[in-house]
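Enquirer: Each chain, written out:
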Amino acid sequence: AQKITQTQPGMFVQEKEAVTLDCTYDTSDPSYGLFWYKQPSSGEMIFLIYQGSYDQQNATEGRYSLNFQKARKSANLVISASQLGDSAMYFCAMREGTGAGSYQLTFGKGTKLSVIP
Amino acid sequence: AAGVIQSPRHLIKEKRETATLKCYPIPRHDTVYWYQQGPGQDPQFLISFYEKMQSDKGSIPDRFSAQQFSDYHSELNMSSLELGDSALYFCASSSRRRNTEAFFGQGTRLTVV
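Same order as they appear, the protein sequences are chains B and W.
Letter by letter, the first sequence follows residues 2 to 118 of this note's numbering.
Letter by letter, the second sequence follows residues 16 to 128 of this note's numbering.
Where hints are given, some of them may not hold.
As the list claims (entries may be wrong) - As a list, the in silico DSSO-like pairs of lysine-lysine whose alpha-carbon atoms are at most 30 angstroms apart:
1. K4/B - K110/B
2. K113/B - K72/W
3. K72/W - K4/B
4. K110/B - K30/W
5. K74/B - K72/W
6. K28/W - K110/B
7. K67/W - K4/B
8. K72/W - K37/W
9. K110/B - K17/B
10. K74/B - K17/B
11. K110/B - K37/W
12. K67/W - K37/W
13. K72/W - K71/B
14. K17/B - K71/B
15. K4/B - K71/B
Hint data in this document are derived by calculation from the structure and do not stem from the laboratory.
The whole structure should be built from the sequences, with the hints applied where relevant.
Expert: Structure (C-alpha cells):
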C-alpha cells in the first residue's frame, strides 16, 4: 500500500492566488514526521516545511503552511500569494518512528505546480 | 548556514564502470541518507547511516555499497554500472538526536552511456 499519496499529478494556479497541494499518508506508528519538498527543474530538493505527529499547531514557514488533519491522515501544503518562482515539482514525504526506529523518508509521486502570470 | 555538499555534481560513466559519489553532511548531523531519483520518478530510499553505522537499507542493488566515515562524510560506491543506473542521486542529513528536518544536497546527476 502507498504510504504517501499525492492525488494531483499537476496543478495550475494564477500568480498571487493561493493553492493547496494534497497529501494523505498511511502509518500505524504514533510517532512520525511529515515533510514537503520543492524540486525545481534544476533538480535540487529544497526543504519547505515539517510537521511532527505530536505537534499541536499547524506548521507555517513564510508563505507555506501545512494543513495537518491527523484524524484524516492528511497533510496538505498551502502556498499563499503564488509567485512565478513557485513553479516546480512538490513532494510530500513521511518519516516514521524516532530514536532507534526506522528513519528513512518515504516520498509521494509528486505534484507539478505551474504558476500562470 | 552550511548545507549538505555532494560531489561531483555531474558524472558520466560507461557501462560496467564504477563510480563513487561523496556526501558531506551538515555539521553536527548524525544521520545520512542516500536516495536515487530516476527520470520523472519520486526519490527512492537506498540506505542510511546513523553515527557511522548502517541504520536502514532500502532498494539498494547488491552492486552498490556505501559507508560513513569517522568525519561523518559518506560515500556511495557503484560498480558494474548499467544504463538503468542513470539517475539523480541525493544525499540528505539530519540530526536524529535533535529530531531535526532532513536537508538534501544538490544531488549528483549520473549518466551511464
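Enquirer: It remains to establish, for every hint, whether it holds in the given structure.
Expert: Structure-based check of all given hints:
Only pairs whose Cα atoms come within 30 angstroms are accepted, and K4/B paired with K110/B is accepted, the gap being roughly 11 angstroms. Restraint check: the Cα-Cα separation between K113/B and K72/W comes to about 29 angstroms, which is no more than 30 angstroms; the hinted pair holds. Only pairs whose Cα atoms come within 30 angstroms are accepted, and K72/W paired with K4/B is accepted, the gap being roughly 17 angstroms. Restraint check for K110/B and K30/W: satisfied, since their Cα atoms lie roughly 29 angstroms apart, inside the 30 angstroms limit.
With a CA separation close to 26 angstroms, the supplied pair K74/B and K72/W stays within the 30 angstroms bound. In summary, the hint linking K28/W to K110/B is supported, as the alpha carbons are separated by about 28 angstroms, within the 30 angstroms threshold. A C-alpha spacing of about 28 angstroms is found between K67/W and K4/B, which places the hinted pair at or below 30 angstroms, so the restraint holds. Distance restraint check for K72/W and K37/W: the Cα-Cα separation of roughly 18 angstroms lies within the 30 angstroms cut-off, and the hinted pair is therefore satisfied.
With a C-alpha separation of about 26 angstroms, the suggested pairing of K110/B with K17/B holds against the 30 angstroms cut-off. Only pairs whose Cα atoms come within 30 angstroms are accepted, and K74/B paired with K17/B is accepted, the gap being roughly 29 angstroms. A hinted pair counts as satisfied when its Cα atoms are at most 30 angstroms apart, and K110/B with K37/W qualifies at roughly 26 angstroms. A threshold of 30 angstroms between alpha carbons decides the hint, and for K67/W with K37/W the separation of about 15 angstroms falls inside it, so the pair holds.
Between K72/W and K71/B the CA atoms are separated by roughly 28 angstroms; this keeps the pair inside 30 angstroms, and the hint holds. Distance restraint check for K17/B and K71/B: the Cα-Cα separation of roughly 29 angstroms lies within the 30 angstroms cut-off, and the hinted pair is therefore satisfied. With a C-alpha separation of about 15 angstroms, the suggested pairing of K4/B with K71/B holds against the 30 angstroms cut-off.
Comparing the model with each numbered hint stated earlier shows that all of them hold.
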